[in-house]
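**Q** Next come the chains, spelled out residue by residue.
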Amino acid sequence: MSRVHDMGGRYGDGRVKPDPEDGPVFERDWHARALAVTLAAGALGQWSLDTSRHARERLSPKDYTRFSYYEKWMAGLANLLVANGVVSRDELAGGPPEPSPLSARRLPADRVAGVLASGGPSLREGPEPRFQPGARVRTRKPAGNAQVPGGHTRLPGYAAGAVGTVILRHGCHVLPDANAHGFGEQPEPLYTVVFDAADLWSQPERAGDEVTCDLWESYLEPAS
Amino acid sequence: MPHDHHDHDDDHALLPPDPALRVKALETLLTRKGLIDPAALDEIIETYAHKVGPRNGAQVVAKAWSDPAFKERLLDDATSVCADLGFYGRQGEHLVAVENTAEQHNIVVCTLCSCYPWPLLGIPPGWYKSDAYRARVVREPRAVLADFGVQLPDGQAVRVWDSTAEIRYLVVPQRPEGTDGLDEAALADLVTRDSMIGCGLANTP
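Line by line, the protein sequences are chains Y and B.
Per my numbering: the first sequence = residues 1 to 224.
Per my numbering: the second sequence = residues 225 to 429.
Do not rely on the hints blindly, as some may be mistaken.
Partial chain B-side listing against chain Y, Cβ under 10 Å, derived [said to hold, decoys possible]:
id, residue
1, 239
2, 243
3, 247
4, 256
5, 269
6, 274
7, 278
8, 342
9, 350
10, 362
11, 365
12, 366
13, 383
Each computed BS3-like pair below joins lysine-lysine, with the alpha-carbon atoms no more than 27 Å apart [unchecked claim]:
id, chain 1, residue 1, chain 2, residue 2
14, Y, 62, B, 248
15, B, 275, Y, 17
16, Y, 17, B, 353
17, Y, 62, Y, 17
18, B, 295, B, 275
19, B, 275, B, 248
20, B, 353, Y, 62
Don't read these hints as lab results, they were simulated from the structure.
From the three backbone atoms N, C-alpha and C, an ideal C-beta is built for every residue, glycine too.
Chain B on its own, in the form it takes in the complex:
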């Protein structure tokens, strides 16, 4: 039977203990060996710091709120619908959109690590990756929602999606009251990151 260990499981302990220095040491070593290009690192950071983030997902949600036929296609095949809008790529190759309704509220987690739909929401916030969220939300989602100041009506069931494969989930929050006259851009402004994970609700105008 194959083994799942080798002689030096603690190779990382050879690096400096301070986290910032650890990263610097690895970056310097790999750069000097010709294995990474520091300019490529800057480009990766620029992408996720400024280009790819939750405003992408908000556009998708606003479109779903505005256009029932689009929403139907999104709920049926989010991967191709989002790709048509230009939202595709790493950590979002297989997308599923789930809709919050008066009967069901959806929440997304990755209990085993930190899976998240990067092309739609960017890099996950700290709390999404925290032990407390990963450990608790599958067992007591309503108590976790209370940490976010959210209380659901008694009649609304909760479904927690533990994203354990490469399928990444987008929550389509309920459209807020009083938004009948708003166009897609104005609607997108009401869509928060947390509402697309299911730990918040969309803002009201």
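For reference, chain Y alone in the conformation it holds in the complex:
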């Protein structure tokens, strides 16, 4: 059911290699350009953050695995640009660029600070939450988008079918499972649910350690 990006709990990745605290923010110049091109292209308003995340997730497992972080961003962006008709395959292949009607939406340098500072909150008006803090809940199993096979979701595979406890409520937020696929925002109550490590892993590292996930109401059902 899951895609390659859903890697929480996976074995075999080796040790984590910390970067120095004072290391450069961008290891290579092209990393910085990749981030900036992605943000500037996003400002054209042709797709949501959820859609662009899904564009990276749905790279083929082979590409996702061999690409470095910002290469995934570039591949996802190229696919999004074509899928949304912003650029053509001919242009992407190096053909002569045609003028675009979207150029009126170009992000100018003097608006960058304002756009970055204002962000894009996902909090919305919506239904009252069904679960109280302290409620025991069971997550959807299998994890996956309920409407689109292989679609976007924020329920990690490792937490599918697990029972946990609601510890925080965050109001209603845009449902990424819908928004990533152009079905509208469909806001739902969002919760932080805490799981005992022993309910997630066959050999938990230490009894009493915990993992939390932020989960939308439609991922959850009451558990007693």
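Model the placement of chain B on the given structure of chain Y, informed by the hints.
**A** Chain B alone, transformed into the frame defined by chain Y:
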């Protein structure tokens, strides 16, 4: 039922294979089509290379260490408290601060991608976005901490926050011993980026 694919999933393969050339090709194409302004790209890079980074978060932590009432408000509603200090924006619209105590150590990850509180910590370091960190820290946080040279006392439980929504987490590390006389600026100097993710501890004076 809607489909989740289209005819050309590998459109990106039309770009040059070398990553630096890929970025250059996309930037050039979008610039020539009038869709991006290269000066705007410079401005975005300048923002995250020099203006928005972990010193922001360190100020918040130092203030929480110094002022119990501020800490209480931060733990209750980090979004508005941080916004009052000028720390708000993209990838940090909804913030939650979690406090490390003698009983509980908190660590943040995004197993599905790379979610991170940009207005407080800037752009995440390479290891935060690595497969090894994303895959392992939810299952074996103590082994991952050992990769950072951190060993927790036996009595301290670990809670790993997998940031799967737009909620972004800031860890408030434990205040180090021997810092009673220090002012906020001196305290902020002890707060490391990794300590605010939960993969390190604050420095001692």
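**Q** Hints numbered earlier in the text: which of these fail when held up against the supplied structure?
**A** Hints that this structure does not satisfy do not exist here, as all of them hold.
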